[in-house]
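Undergrad: Sequence:
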Amino acid sequence: MLLAGISLACASPPPTVPRVEYAGCNAVLMPGPACRLGRSRELRLWVGAPPGARIEIRAAERKIDTRPEKVQNGRRFSLHVPPGAKSVDVSIETDAGQASWSLSLTRQEKGRDVLGETIEAFHLVDGLIRKLKLIQARQAWQEIELPPNAPAELRSQRQYYLGLLAEKEGDYRTALAEVQNAVEIAERVKADDYQRGAEQKLALLLRAVGRSRDSAALFDRLRRTPHAPDPCEESRLLGNQAWAALLAREAGESFGDPTPLLETALTVYGECKDAEQDRKVNILSNLALAHLQADRLRQAKDVLARAREIEPHPPLPQELWQFDLEARIALREQRPAEALRLFANLEALASGSPDGRLRAAYGQAQAQAALGDLAAALGILRRSESLLDEQSLQVPLHEGRETFLATRQALVSFHVELLLDQGRNAEALDVARQARSRIVRQLERSDRLASLPPERRTEWERLLSIYQERRSALETRAEDDWRLPADRLRSEQAARRVESEAAKRFLDQAFLVLGTPEARRDERPRPPRPGELTLAYYPLRHGRWVGFAADVRTVLARRFDLPADLPDQDELARRVLLPFRVQIREAGRLRVLASGPLQKVDFHALPFEGDVLLAKRSVIYGLDLPAAKPVQPRGRRALLVADPRGDLPGARDEVRTVRKALESGSRPWNAEEMKDTEASAPAVRRRLATADLLHYAGHGTFSGLGGWDSSLLLAGDTRLTLGDLLALDRVPSWVVLAACDAGQSSSETSVESLGLAHAFLLAGSRAVVASTRPADDRGVPLFFADLYRQLDREPDLAEALRRAQLSWRNRDPGADWAGFRLFMP
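FYI, in the working numbering the residues of the sequence shown are 100 to 924.
Keep in mind the hints are simulated off the structure, nothing from the lab.
Every value quoted in this text rests on a predicted model; they were computed, and no experiment measured them.
Take these hints with a grain of salt, some might be off.
Okay, derived cross-link-like pairs now, DSS-like style, lysine-lysine, Cα gap no bigger than 25 Å in a straight line [what the hints assert, rightly or not]:
1) Lys-185 - Lys-209
2) Lys-289 - Lys-162
3) Lys-372 - Lys-230
4) Lys-372 - Lys-209
5) Lys-774 - Lys-759
6) Lys-289 - Lys-185
7) Lys-209 - Lys-232
8) Lys-185 - Lys-162
Using the sequences plus the hints, can you model the full thing?
TA: This is the structure in structure tokens:
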């Protein structure tokens with residue numbers, strides 16, 4: 100906190116002390132610090148005070164009247180400080196008490212300027228980072244000490260360079276958090292140049308973790324935002340935007356051809372007064388990559404030669420990319436031995452760059468395959484899979500880990516293709532399954548938790564406890580929303596969203612304690628059970644796909660094309676089912692493991708031999724979690740949550756019908772019903788620990804990056820979030836979610852992401868029935884009553900669900916009976 104000269108009106112301090120930040124000093128002199136203003140005598144203050152606080156600002160014994168702007172749960176003031184003022188004083192009065200803050204002013208021309216000194220020190224850190232001298236850069240960063248009450252510009256730069264350093268070390272978790280902190284600090288005090296620079300880095304980080312749309316949107320906003328014309332800055336922005344587009348194309352995405360942006364950046368840079376050769380070389384190297392991506396080999400070679408001529412020994416990051424480009428050109432020109440040598444050089448230089456090591460590995464594997472040494476290529480790819488596991492853990496769970504993995508998809512697809520080319524179908528299927536389930540395996544905790552050393556188990560419990568306490572406090576506050584006026588409600592909800600994001604970081608840190616599931620890296624995915632057929636689908640390179648059909652004896656593989664816009668049901672069935680029709684006929688049950696856009700497909704409703712697939716066999720949708728010890732239900736206790744928001748009368752009818760079916764079976768359930776205001780998030784969380792079956796009838800939402808903001812809506816404004824489920828010690832063995840989108844997960848990547856159904860399974864549930872889309876509730880009550888009656892007669896949930904769905908279809912042919920799926924580990 101930045102608090103200088105705090106004085107209180109009462110003996111004890113208020114529960115929360117407002118923060119004050121300042122910017123706009125021409126120099127900050129020590130001892131002090133004392134602010135020397137520029138000629139305009141303008142100063143910007145940000146006061147982090149609650150909406151009802153009374154804030155007064157005085158200078159030269161006069162009150163300064165200025166209209167504040169609301170920024171980040173506080174208020175920003177732009178001041179013109181009158182001549183002769185020796186300080187700027189802020190007094191803040193809230194219901195909790197009074198506090199004051201003061202900033203000394205000076206007119207001295209001599210003295211130690213901590214603002215200038217520290218900015219120079221940060222420039223030194225920047226130079227070391229650009230040369231990838233990361234150990235020296237971190238040491239230099241740690242030696243920079245900010246004085247108490249330091250100006251916001253220095254605090255923003257400190258976080259910016261910490262984020263920049265973390266990115267080069269491969270720690271995207273820290274990089275994203277700290278660069279976002281730098282943006283927020285600069286925004287609070289309207290330090291536009293600092294904010295603009297930090298937002299460019301944030302956009303590049305978003306692209307680095309695969310969030311291309313977010314990155315493109317941020318760059319577009321930066322281009323549209325008015326700013327003082329500066330050729331150096333304009334060239335840098337154009338170059339950064341082009342670089343993000345280049346990385347998107349590297350990952351198989353397309354946000355337009357970046358060549359025009361780079362050519363304009365090169366032209367504008369010629370007008371830059373502080374032009375540096377290495378920045379020009381960087382633009383040329385990127386332009387060579389753009390040409391290479393577009394198969395313009397001659398132009399790529401010419402531009403790369405031009406860059407080499409300007410600077411034969413460029414900074415290390417540029418040299419890494421130039422080796423990469425030269426090696427890839429050699430591959431395109433069918434010179435694999437030369438490519439292998441260059442990729443080896445890249446690997447040697449990239450020891451401190453995790454992303455560079457992955458690029459080198461992918462290139463070496465391609466070169467070895469082109470030379471005919473498939474064993475060497477496969478060995479490289481296997482080692483790369485481990486590196487990908489480690490690197491992905493450095494991306495926060497809720498910040499795009501699945502998109503980060505998707506941008507490295509080509510490496511995995513090449514691994515699968517090489518195995519297929521050698522007829523090693525079972526190994527190819529294992530690689531595809533391990534890649535598809537990488538994130539859910541990282542979140543699976545049962546065995547890893549049991550084997551944690553005591554000190555790490557304590558840390559796991561501590562972090563989960565903090566997360567749960569913060570989430571519980573937020574939900575308790577939400578229960579009182581109805582008491583607040585509209586303006587206070589909006590402010591309170593905005594504050595809770597910020598605090599909720601902060602809480603997610605503790606959950607992310609808790610799972611980081613578990614680390615990589617190293618013991619299971621070489622463990623094969625669980626084999627199909629007797630009578631079960633696994634149908635798995637995985638994307639290859641160049642728009643191709645592969646389908647697998649695996650039983651206890653054999654693994655078949657068939658490659659096929661899949662257009663971006665999925666074909667109609669008949670054509671889709673022809674591509675994904677008919678190649679395996681003999682195996683499907685012989686199976687007793689089907690387990691579907693789909694990837695990407697195929698996750699949206701209701702395989703059980705696809706046409707098959709004159710009817711739908713479900714008419715022939717029961718169908719399960721699997722997460723592909725490692726086999727865990729079966730947990731037997733404690734009893735037959737059912738928790739029924741009915742219409743917690745009070746706006747779904749059909750949900751109440753559904754729960755009444757379900758309760759009757761559960762209590763009237765041959766093995767009756769002991770059912771407890773929660774509805775209306777009693778079904779708050781804290782209350783439901785407590786009941787889940789003792790229930791064997793949960794039936795939820797209410798609203799569900801699928802939202803947020805990778806589904807991380809998905810939730811079941813409960814009483815008041817409370818909700819049970821995806822993160823809340825992952826943090827629970829115990830959940831019911833059987834879960835039925837009669838809520839819109841509760842079975843949905845992201846279909847944008849080949850990696851299995853999360854939804855509410857997936858979170859229940861990761862927390863320990865044995866099976867979840869949920870809808871992947873909004874459901875027409877008119878037929879739902881009868882469907883679920885029928886499901887529980889079928890389950891009373893047939894202990895196999897997959898078969899019971901099959902019969903209930905087919906019965907629903909027969910009763911109401913126009914109903915969306917296919918929207919519900921059975922999810923299992």
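Undergrad: Report the numbers of all earlier hints that the structure fails to satisfy, in ascending order.
TA: 4, 7
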